[in-house]
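Each chain is listed here by its residues.
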Amino acid sequence: MSRRNRRIVAASLTALAVAGTAACSTGSSASSDGPATIDLWTHAGGNEAELGVINTIVEDFNASQDQYTVNVQDFPQDAYNDAVVAAASSDNLPCIVDVDGPNVANWAWAGYIQPLGLPDETFEGQLAGTLGKIDGEVYAYGYFDVALAMFSRQSVLDEAGVRVPTVAEPWTKDEFMDALAKIDGLGQFEHPLDLGTGGGGEWIPYAYSPFLQSFGGDLIDRSDFQSAEGAINGPEALEWAAWFRGLVESGHMAQTSGEDATADFVNGKSGLLYTGNWADTTVKEAFDDAVVLPPPDLGAGPKIGAGSWQWAMAEGCEDVEAARAYLDFAHDTKYFVEYGNAVGLIPATLDAAAEIPAYAEGGENRIYLEMADQFAVVRPETPAYPFISSVFQKATKDILAGGDAKSILDRAAADIDRDIQQNGGYTS
Amino acid sequence: MSVTSIATPTKRSVVVTVLRSVLVVFFAFPIVFMLVSSLKPDLQIFADLGSWRAFLPVGDVSFANYTGVFDRVPFARFILNSVLISGVTIALGILVNSMAAFALARLRWRGRGLVLGLVLATLIVPFETLALPLLWWVNKLPSFEADGFSLAFKQGWLDTYQVQIIPFIANAFSMYLFYQYFASIPRELDEAARMDGAGWFAIYRTVIMPLSGPAIATVAILTFLPAWNSYLWPLMVVQSEELRPVMIGLQYFFQLNTSWGQVMAYSSLITIPVVALFLAFQRSFINSIASSGVKG
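Protein chains in written order, with the numbering used here: chain A, 5 to 432; chain B, 92 to 387.
Derived by calculation from the structure, the hints in this document are not laboratory data.
Covered by chain A, according to a simulated footprint, are these stretches of chain B (three or more residues, beta-carbon under 8 Å): (1) 131-137; (2) 346-354.
A few chain B residues facing chain A, derived, Cβ under 8 Å: (3) Leu249; (4) Ser331; (5) Tyr343.
Backbone N, C-alpha and C define an ideal beta-carbon position, used for all residues, glycine too.
Pulled out of the complex, with its shape left as it was, chain A reads as follows (with noise of 0.2 Å):
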């Protein structure tokens, strides 16, 4: 073969190469003709009975008119916040997303989402900590929520000679401890309490800045969301950081516990496990005489967290009014129903609640949303809360490992307000 024809070959075979990855390809398309359609992000990749509830009401608007198609993009959960802001940096955003409730405010304020401009009355009846409100106006709705509770066995309680706390008349501090070390005493357990210490991520301002409220403190001063100096590390706050490590300093909980919490208390490794209603079908399937008890009051009621996925539409959608239009449709009772249903998470709305035995008036984990309505917290509605969680996460675990509470909580502080300030007070 002369010097030429192997040119020309080799600039065939580059160009067969480069027609052939293209061929490979499958980006989005849009068709001139028929409905117009936008895609929907979701982050319930792998989780069969969320996913099937939204195929279904995504299905049944495609069927209700012929305008508009909606077109579902599942996420693993882990993946899917990176892959939104990725989309969002490369102007690639759907025109409907879920978002998870405490970031709400931050993809508002980056420009990710903008407001529903839904009528208000949408959302009347609608649990607080289910809502993505900014400002007065309504960014993200979602279909239901989680509580976080205690769980424990009734024999166990018994044999320790402890009351079951109530909703109503939940254990104080000293009831708390008192229990603790009681079901400590019965030997039975490599520790009484298992708080999920060996979680990280989100887990931890989820599940224990509920405690630094109970206590009085919390992760900001929400009277303006501009600093967390008094609030953070005021003195509520070092009590809570005492109580907190105190508990693996008396032996009472591991200072990192087991991956999962829940396997190791079905497992019998503790007595009293503290987590989300997501765990309470292997608790009861695990255990006849298992109990769902309220978190304790350390001093300032008892809190739990609030604010799971809700749905949002994002800033660049091109067509509004179909996204408008699928987020209107889906807005529906008979949808937190079966949302209900399928993940047996606690519904959004009263009305759906009542649709579904478990969470009716008397049903047997109506508990959970009595604990939502009266005990939830929602996390900081400001844009700098993803700063926030990051900081509290290592205070946490430092306070857990046994640093000097003082200084950990006044570097958090210090911490927040410099991303607050150099952020402009997030407020443009």
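Here the structure of chain A is known, so what remains is to put chain B in place on it, guided by the hints.
For chain B alone, coordinates are given in the frame of chain A:
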């Protein structure tokens, strides 16, 4: 020969064998745990932790977790995607990097020292630093899309196979491995080939590359591992499920109630190709590492 002099080597070999066995057990533990746990229900995995049962297939053992994996995710699709992405990246990576290294190691041209220095300098820049600028670029690049029997033009490479392949073909480390290996091959071979009328491409193809088996094997493995384990980049650039690689697939199993048995089963399944590739190229890989003095 005295009795002592016979016994000493025997004792040494016993000690060495025992030490090797300990190391084998030490390094095999995580893999054994993964394989064994993939056969157990979730609660039993945690019940067995802290005892030797964690490393033995005892109790309620079954393949239910594997069935669950295939029910839950399009496993075959994820594996095929990763095989395609890794395979094409390896093939093109070997071609492009070896040719570049050949030009740097065997050809005489002004500025090649500077070019080599610049190529090596890119090794100190972590990918995380480049990810966002790269995302911006690939979103602007022109592409073609198969539309029936015609190719349609579109802007942006997002959500394609090529965006998972092309940015990773040129690789400074692979280039440097080839460069080092090529530089160790006697130049007399080039001269002899040139006297026989061979051009540079013929020398590259018929003289240098056939002598570079260990380097090719090493580059193949070192290209394969990050391509197979790739997570951040596909997370950023791929939206469609049908284009996702295996590592994104692993995330499907981490839910509020994580199914640890399925996590272990999926992990076992995606580890098999890695182990198979290493076993296939084991000898060449070790030879190349030993001769080049480079650790992967």
